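Q: Given next are the chains, with one letter for each unit.
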Amino acid sequence: MAAEPVAPLIEARRLRKSFVKRHPLRGNAQAVAALDEVTFTVSSGSIVGVVGESGSGKSTLARAITMLQPPDSGELWFAGSDLCRLGPGALRRVRPQLQVLFQDSATAFNPGFTALEAGEEPLRLQGMDKVARRSRVLELFRQVGIAEAAAQRSVHSFSGGQKQRLAIARALTVSPKLLVLDETFSGQDLSLRAQIVNLLLDLRPEKGLTYVVISHDLAFVGQFCDEIVVMHRGRIVESGTASQVLRAPQHEQTQALLRSASLLTGWSRPAS
Amino acid sequence: MIALRFLVRRAFHAILLLFAVSLLTFLFLQLAPGDFLSEMKLNPQISPETIAALRQQYGLDDPLPVRYARWLQSVARGEFGHSFAYNRPVAPLLWERGRNTLMLTVAAMGLTWLVAVPLGVWSAARPKRWPGRTISAGTVALHSLPDLLIALLLLMLAVRTRWFATGGMLSLGFEEMTLGERVKDLLYHFTLPVVALVLGNLPVVVRHVHAAMAETLEAPFIRVLRAHGVPEWRVLLRHALPVSANPLLSLFGVSFGVLLSQSLIVEVVMTWPGLGPLLLEAVFSRDVYVLIGVVLASTLLLVLGTLIADCILLWTDPRIRRESAA
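If you're matching them up, the sequences are chains A and B in order.
Quick note on numbering: my numbering labels position 269 of the first sequence as 269, and the sequence is numbered without any gaps.
Quick note on numbering: my numbering labels position 275 of the second sequence as 547, and the sequence is numbered without any gaps.
Note that these hints are calculated values from the structure, not bench results.
The structure presented is a predicted model; accordingly, all values stated were derived computationally and were not measured.
Glycine is no exception: its CB is placed at the ideal position from the N, C-alpha and C atoms.
Take the hints with a grain of salt, since some may be wrong.
Reference excerpt, derived from the structure (chain B facing chain A, CB under 8 Å, subset only) [to be verified]:
#	residue
1	F493
2	R495
3	R498
4	A499
5	L508
6	H511
7	V515
8	P519
9	S522
10	L523
11	G525
Now the stretches of chain A that chain B is said to cover, found in silico as 3 or more residues with beta-carbon under 8 Å [what the hints assert, rightly or not]:
#	region
12	98-104
13	111-121
Example chain B residues on the side facing chain A (calculated, C-beta under 8 Å, incomplete) [as the list claims (entries may be wrong)]:
#	residue
14	A397
15	P399
16	P492
17	H500
18	L513
19	P514
20	V540
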């Protein structure tokens with residue numbers, strides 16, 4: 001499905017972020033650009049895939065647009081303000097609207113918390129009372145398929161797939177606008193992956209969500225994204241609708257990613 | 273129930289350990305030449321017959337197993353042997369001195385952790401800003417000073433300023449003082465050795481708190497909390513600190529033992545009437561049963577320290593409870 005022209009949810013302009021890499025023995029520092037003048041737009045309600053090889057800067061991009069690791073320079077427009085210019089207090093009020101799901105859901109929870117406590121934690125800040133918090137979290141648990149009886153159990157007693165569901169429910173407690181899936185599906189078996197993708201696709205219209213999917217797997221991302229952005233060495237080298245990018249890849253990096261995808265999974269390019 | 277079984281098992285281990293320590297101390301003291309009466313031989317006023325009679329009386333010529341068995345009997349009576357130098361049973365002597373050492377180490381331990389935890393958390397929260405850098409540099413500098421030097425520097429301070437006593441525990445006429453004066457007098461003597469111990473132990477604890485916190489703060493769940501906009505103080509104190517607590521609680525137990533051995537040095541330098549000076553005297557005069565008693569008392573305190581730490585761990589971390597049940 002092609003994205004209709006709608007208002008941009010998030011607009012990144014000329015984002016830059018570099019890391020200082022130190023030689024282990026000589027100690028001389030060298031700046032490595034993880035984001036180099038990255039400009040792109042995410043339309044409200046769309047699913048945008050960001051693909052690239054390891055070290056291409058896609059995870060840095062994920063952390064930059066959620067302001068977990070603010071960019072060094074550039075502008076990041078969301079809901080009428082440039083997040084890079086916001087003060088800490090104002091930024092904290094915006095944060096709930098930008099949520100991330102990480103690859104390893106096992107480490108994404110405080111190991112000492114129960115599922116319910118973990119789900120309630122983000123809501124404490126919004127001054128919601130205990131009863132309201134609890135009913136909201138349990139409702140979300142039900143929607144992602146976690147039984148109410150299990151909510152009192154410690155998080156580490158859940159299976160990997162259930163933890164992923166808990167993580168989704170927790171992210172949704174604060175009614176986010178944007179959900180960044182940072183390699184969320186890597187290392188999952190195919191049936192689990194399909195379940196989680198279906199769950200996310202079901203939740204999207206209901207909750208008015210926009211997804212940014214970070215992945216190295218172009219073929220997988222192509223299956224359910226509206227738009228695809230290809231990154232290489234901190235730059236966006238190609239972007240367009242999913243069908244455009246998959247059918248007629250322009251940049252050699254995109255072509256390489258497609259080749260490796262079809263090698264691994266036997267997936268072949270859709271016939272044009 | 274699990275806790276009880278755990279405690280019984282640990283108590284059993286502790287008894288075995290104390291038994292082994294006493295046996296080894298006995299053996300090693302046997303290897304060292306001379307005994308309590310060796311020095312008397314040099315005194316021309318004491319006849320060889322008197323010395324021989326004393327040897328007989330103390331049973332110093334009996335074979336090792338016999339002496340060890342006799343000592344065990346005296347342990348069963350609650351005496352822990354007889355001190356040659358003080359001419360009284362060892363146990364009450366140990367209790368008097370041990371109490372003073374315990375007072376010093378417990379106060380130093382409490383103060384160390386009270387100061388170290390906030391410093392460690394603060395430096396881990398701001399690793400690349402001035403708090404983190406200053407605290408790191410400070411702890412490294414402090415850690416590289418020998419305990420003895422710290423004690424001597426503090427003594428110098430006490431002599432120059434006359435704010436603190438340079439030794440001892442109580443002033444003359446303590447018995448006649450009012451309660452307020454007694455507290456003041458105790459603080460006057462107490463502060464310096466406690467500060468010496470705290471300064472000696474602080475860097476290690478701060479570094480450990482820093483390391484444990486820094487590792488936890490890297491965890492993805494912390495990032496999730498920050499993404500939710502959870503305030504930084506809550507991220508640090510409600511989430512990161514409890515999660516980092518396990519290695520710190522274990523360190524808490526071990527640090528008690530470390531403090532105890534540091535305390536022996538500080539006590540000698542500052543003439544605090546604890547186990548330290550007693551141990552030193554006993555070594556010089558070859559008062560073997562006192563020596564064994566001090567070694568055992570130190571071991572016991574170390575074992576108790578780790579036991580307390582393990583009990584806290586058992587109480588705070590459900591995972592450990594499950595493992596010990598299995």
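Q: Each hint needs a verdict: does it hold in this structure or not?
A: Structure-based check of each hint:
no., hint, verdict
1, F493, "holds (5 Å)"
2, R495, "holds (6 Å)"
3, R498, "holds (6 Å)"
4, A499, "holds (5 Å)"
5, L508, "violated (13 Å)"
6, H511, "holds (5 Å)"
7, V515, "holds (6 Å)"
8, P519, "violated (14 Å)"
9, S522, "violated (17 Å)"
10, L523, "violated (19 Å)"
11, G525, "violated (20 Å)"
12, 98-104, "holds (count 5)"
13, 111-121, "holds (count 3)"
14, A397, "violated (14 Å)"
15, P399, "violated (14 Å)"
16, P492, "holds (5 Å)"
17, H500, "holds (4 Å)"
18, L513, "violated (11 Å)"
19, P514, "holds (6 Å)"
20, V540, "violated (43 Å)"
In the structure shown, a violation is registered for the earlier hints numbered 5, 8, 9, 10, 11, 14, 15, 18 and 20, in ascending order.
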